[in-house]
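Chemist: Single-letter residue listing:
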Amino acid sequence: MKNVDLSVKIGSLVLQNPIMLASGTVGYGNEISEYTDLSKIGGIVTKSVSLHPRKGNPPNRITETSSGMLNAIGLANVGLEAFIKDKIPFLKDIGSTLICNIAASSVEEYVECTKTLDSEDTVKAFEINVSCPNVKDGGLIFGNDVNNVGLITEKVRAATNKPIIIKLSPNTASIKDFAQAAKDEGADAVSAINTLVGTAFDIYSKKPKIKNVTGGLSGPAIKPVALAKVLEISRNVDIPIIGIGGIMNWQDVVEFMICGASAIQLGTVNFINPSVSEEIIKGLNEYCAETNLSKISDLTGSYSL
Amino acid sequence: MIEKNGIVEAVEEIQPGIFILKVKAPQIAREATPGQFCNIKVSDSTFPLLRRPFSICDVEGETVSFQFNIVGEGTKILSKLKKEDILDMLGPLGVGFDYSGEFKNALIIAGGIGAAPFPFLIKNFSEDKNIISFVGGRSKKDIIKYKLKNIIASTDDGSEGFEGNVVQLLDSELHKFNSSNTKIFACGPNPMLRALSKYSIEKGFDCEISTESVMACGFGICQGCNVEGTNSDRFLLVCKDGPVFKAEDVLL
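The listed protein sequences derive, respectively, from chains Z and H. Per the working numbering, the very first residue in the first sequence carries number 0; after that it's consecutive. Per the working numbering, the very first residue in the second sequence carries number 15; after that it's consecutive.
By construction, these hints were calculated from the structure, which means they are not laboratory data. One or more of the hints may lead you astray.
Said to hold, decoys possible - The calculated lysine-lysine pairs, modelled on DSSO-like cross-linking and capped at a C-alpha distance of 27 Å, are:
no., chain 1, residue 1, chain 2, residue 2
1, H, 254, Z, 84
2, H, 90, Z, 205
3, H, 254, Z, 208
4, H, 90, H, 161
5, H, 90, Z, 206
6, Z, 39, H, 18
7, Z, 39, H, 254
Stated by the list, open to error - To list a few chain Z residues with every Cβ distance to chain H over 10 Å, as calculated:
no., residue
8, 237
9, 285
10, 304
Every residue gets a Cβ at the ideal spot worked out from N, C-alpha and C, and that includes glycine.
The whole structure should be built from the sequences, with the hints applied where relevant.
Modeler: The following block contains the structure:
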């Protein structure tokens, strides 16, 4: 098989391949490293970190739905200080590009986290979570207001020279406006989509199956929605897109790239098949060879409508 | 670890509604300890999407077995597997029982399908242990005795053994044992474990409980199986910090 170039560029960030592991689905790297060789993966996005530790939501936090799952973890994380002290040392040597996801409840907190992490050489880029649906403060409130997304992007931009990726919510009327606001304020890329708000009830107890009542829907159930959002951004805004939503295999990756994604993130599938990225990379190589594609980046936005 | 090619050897219905699944899985069989679990993908499709966690019931040579009842679509599919079918399994996962101590009496407390992890535990006790199995269920048909030793049963309706729940049964027998040389090992529904934890702490007996939870990954990344810890500013995870906990360490 001839050599295929799987590398992709997201702004100034170069990844060895388009496969990234999504925030909240790989912890801080160490647990999943027992199942997969992280050095083969394009990029790893760590679990959202906030300035102070967050305990997260009480149980039950998850429930399975048709071809998907709802989660309301509530951004449980060790906090910025412990992240730098206890988690970064392991992440230093994984041989993959490390991207830190930051969640906050105020613009100031986003800026402070970014500034503090900016001096960590291991951290190559930031993903700004303006769209967590499961916490009452911050998150969704920011993600639903295009002016706030613009403001956060502007302030975080001023705090770092490293690439910034804004993670967008699908729970809005027009995702392209948010992508445009991120671009206008200097973001290098957007990632789309975060989870869709959903719920599930037990029909006998009449209670919600997760304590938070609503949660974020992920998994193959949301793939068509995610693809449509990626396509919408791709057709309207000139900014690199990282596609996320229900990707289970290499065919899904190709589909996202055709619809405009420069790279993709694997999320829920990591819970089911933690070594899937190796299978996906193999599949992408074979697909490129089969379709005479020498550079996988040529797939991005190659749709014919 | 992932054992993608576990080979089904048998699915046996040992009593109405209770199944034993035997899978040839050499790596898991080699590494498993009592109280650990496997997270099993019951089908190749996205239905069901997530793996399903099951306690390891027993290990014989290269064969790992699981005990289950039908609660949903996942277990329904498992009950219909045929010899030679391939199963994708993650395991062994989690922290199992600490059965290494100096105690003389091992009291097994099993509620319903909570009997599942005990055959493997019983097999691993040193020979000098005096093992007694307190087995509870709603009715006679719910009492699972598979590979348990020295069984005393309780049923809510009195159709077999002691009339009452298994914690009440234990209370009626506990005067025969001394907390200094006796350890309790329990598994069952949360209300039972909650009552038992409170009871064993009050009576001053060492007690370990095997808990269950809805779970996605089974190895600590999804954070979906959290449980409140007694002395912890973070939630504990059933999959990684458990599934077996000291009774005093968790608030169910």
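Chemist: All the hints need checking, so say for each whether the structure fits it.
Modeler: Hint-by-hint comparison with the structure:
1. 254(H) <-> 84(Z): Within the cut-off at roughly 22 Å; holds.
2. 90(H) <-> 205(Z): Distance ~24 Å between residue 90(H) and residue 205(Z) Cα, so the pair holds.
3. 254(H) <-> 208(Z): holds (23 Å)
4. 90(H) <-> 161(H): holds (23 Å)
5. 90(H) <-> 206(Z): holds (25 Å)
6. 39(Z) <-> 18(H): At roughly 21 Å apart (the allowed maximum being 27 Å), residue 18(H) and residue 39(Z) satisfy the hint.
7. 39(Z) <-> 254(H): OK: residue 39(Z) and residue 254(H) at ~26 Å, within 27 Å.
8. 237: Holds: least Cβ distance 34 Å, greater than 10 Å.
9. 285: holds (20 Å)
10. 304: Non-interface label stands for residue 304(Z): nearest chain H Cβ at 28 Å, farther than 10 Å.
Figure legend: structure checked against the earlier numbered hints; every hint is met.
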